[in-house]
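Can you make the complete structure from the sequences, with help from the hints?
Those protein sequences? They're chains A and B, same order as listed. Quick note on this note's numbering: the first sequence kicks off at 1 and runs consecutively. Quick note on this note's numbering: the second sequence kicks off at 1001 and runs consecutively.
No lab work stands behind these hints: they were computed from the structure.
Straight-line Cα separation of at most 27 Å, DSSO-like style, residue types lysine-lysine; simulated pairs: (1) K1303(B) with K103(A); (2) K31(A) with K1259(B); (3) K1401(B) with K1443(B); (4) K1212(B) with K1226(B); (5) K1248(B) with K103(A); (6) K1225(B) with K1298(B); (7) K1129(B) with K1111(B); (8) K1401(B) with K1451(B); (9) K1298(B) with K103(A); (10) K1259(B) with K24(A); (11) K1298(B) with K1459(B); (12) K1209(B) with K1226(B); (13) K1120(B) with K1086(B); (14) K31(A) with K1248(B); (15) K76(A) with K1248(B); (16) K1443(B) with K1361(B); (17) K1443(B) with K1309(B); (18) K1211(B) with K1223(B); (19) K1126(B) with K1080(B); (20) K1139(B) with K1129(B); (21) K1248(B) with K24(A).
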Amino acid sequence: MDDKANSITILMADDDEDDRLMTKEAFDEAKLANELRFVEDGEELLDYLTHRNKYADSSTSPRPGLILLDLNMPRKDGREALREIKADPDLRQIPIVVLTTSKAEEDIYRSYDLGVNSFITKPVSFEGMVFVITTLAQYWFQIVRLPEDKK
Amino acid sequence: MFKNRIIFYVFLVILCPGIIFPVVSIYMVHPSFTTLPIEGFEDQAVNLGVHLAERYFPENEPLSKENIPLISEYADRHMKDFHLMKLKIFSPQGEVIYSTDSKDIGEINQKDYFHDTVAKGRPYTKVVKKDSLSLEEKKVVSDVVETYVPIMSGERFNGALEIYYDITANNRALDRIVFKSWIIHLLMTIAGLVITVVILIQLDRILTKQKKIEQELKVYSEKLKKSNQELQDFAHIASHDLQEPLRKVAAFGERLRMKYGNVLGEQGIDYLERIDSATGRMRNLIQGLLAFSRVTTKAQPFKKVDIGKVITGVLSDLEMRIQDTGGHVEVAQLPIIDADPLQMQQLFQNLIGNALKFHNKDHPPLVRVSAEPSGDNGVHARPGRYYRIIVEDNGIGFDNKYEERIFGVFQRLHGRKEYEGSGIGLSVCKKIAERHGGTISAKSAPGEGAKFIITLPEKQGGGEHHG
Chain A
1 MDDKANSITI LMADDDEDDR LMTKEAFDEA KLANELRFVE DGEELLDYLT
51 HRNKYADSST SPRPGLILLD LNMPRKDGRE ALREIKADPD LRQIPIVVLT
101 TSKAEEDIYR SYDLGVNSFI TKPVSFEGMV FVITTLAQYW FQIVRLPEDK
151 K
Chain B
1001 MFKNRIIFYV FLVILCPGII FPVVSIYMVH PSFTTLPIEG FEDQAVNLGV
1051 HLAERYFPEN EPLSKENIPL ISEYADRHMK DFHLMKLKIF SPQGEVIYST
1101 DSKDIGEINQ KDYFHDTVAK GRPYTKVVKK DSLSLEEKKV VSDVVETYVP
1151 IMSGERFNGA LEIYYDITAN NRALDRIVFK SWIIHLLMTI AGLVITVVIL
1201 IQLDRILTKQ KKIEQELKVY SEKLKKSNQE LQDFAHIASH DLQEPLRKVA
1251 AFGERLRMKY GNVLGEQGID YLERIDSATG RMRNLIQGLL AFSRVTTKAQ
1301 PFKKVDIGKV ITGVLSDLEM RIQDTGGHVE VAQLPIIDAD PLQMQQLFQN
1351 LIGNALKFHN KDHPPLVRVS AEPSGDNGVH ARPGRYYRII VEDNGIGFDN
1401 KYEERIFGVF QRLHGRKEYE GSGIGLSVCK KIAERHGGTI SAKSAPGEGA
1451 KFIITLPEKQ GGGEHHG
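As structure tokens, then:
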């Protein structure tokens, strides 16, 4: 992986502390050098992206190259956050991958309808999680070309 | 009087002819009873007049006192013979030239009817009630029919006879008949109304009771619906939310093994394996519960489903297991019915899957799927055509006393070591059959294979069924 790919920040929005820990461990296991940051709900996710409240200083909250989004979260859930991000002309280029426990048809349909880039059901095992993270990183940072950050 | 508005309307509708019929009979039918005999009296009077004229009156000559000299003799005789009350003879000018009541003689009738009607050759009749005025404006003492009979020779008016019949007795007899029929009418009407009211009151009572029962039933069914819905929501949410911590237990167990497996020792690893196996079972149970609740929460609308095609799909899904067991599945002609295609797939996947799973170790499984038309077997609430679809195998079977039990949620007849499974498959089958307004039953004996019979309606009436 080249430096440019390594410098891409991944932002994960998930209210579940265990899942955040598991994802972090899976990241380490996959030996990814990217910075992985966490927010705990949709509200915080939008604060981060639009540099509001505690993320007002944009130098400490770099624009993510990929967002991992849980659907079921308190305050503002993933669906609402997804709709707002995809409606924002500044943010809608950021690829979003839904990573959720839901397998529900309507969640899958609604997510793609709102413009999500991928929908992944959280794997049951840690091994599965490592595989998903490795594959995601490979796909989004090596295979796919992402838009340049203009800022 | 009536609690049901409809019954009250029925009562009104029945009341109308009950009133109209006697009114019609009194005002329209009964009067004809009296006009009919009067016509008879008029005819009789005319006949009598013609007879007298032919016999005793001079031909072609206007009547006068002079040409009817012997009148009083035969007039009296005729009075008696024909029960007349009075007999008068008029000259063409209207002068009374003879009367059985001598007081009348010499009077002159100048009324219009005499000159306009009788003098033109037409008889004229009037009924005079007792104490009212006669045609000559005299009071009569009884009910009378008086008839003027013209005596003509060709076009010429020669004079007239006036014949009085006393119809008091006749009228009295008629009145009695009319009164009797009127009373009968009245009694019949009253009896009819009383019977009607009694029947309607009974009907009203039954309907009111029925309405009350219906309302109670509605309340119960609403309650049941609500509690069913709550139960389904609960099962759905519970199974979703239960999966979450389970996933963590499994995942962190795995992390523990990966990172610290070498320091845990053999016993530690054994514990971890037991945790792993328990979480696996728990996951199966939760997924079973989810599958069970999805029969109603994820129900698709009914449409035409070719069961034969469903079985083909199921067999291709089960291909590996059929090959592994060396089994064979025979499929006969199967019907097309209104159903939820995914649930039909699930139903037969479970049943054929079971048939393959519980096969006899001594010989490869043989599964037969067949169908036959079935009448309304009384268990079903709706009439219509049904199909009996039979899935039978030559497997290990089971004791028929467990027939009810095997369709219960999480009911198993075998230990986990013998046969894996969550005990949810057949309960899902039952729920699917019931949602389609059908039934499922089983027949078996240990070692003799099992036979599962699903009865499903050919057509769906639209609504859901809650077995």
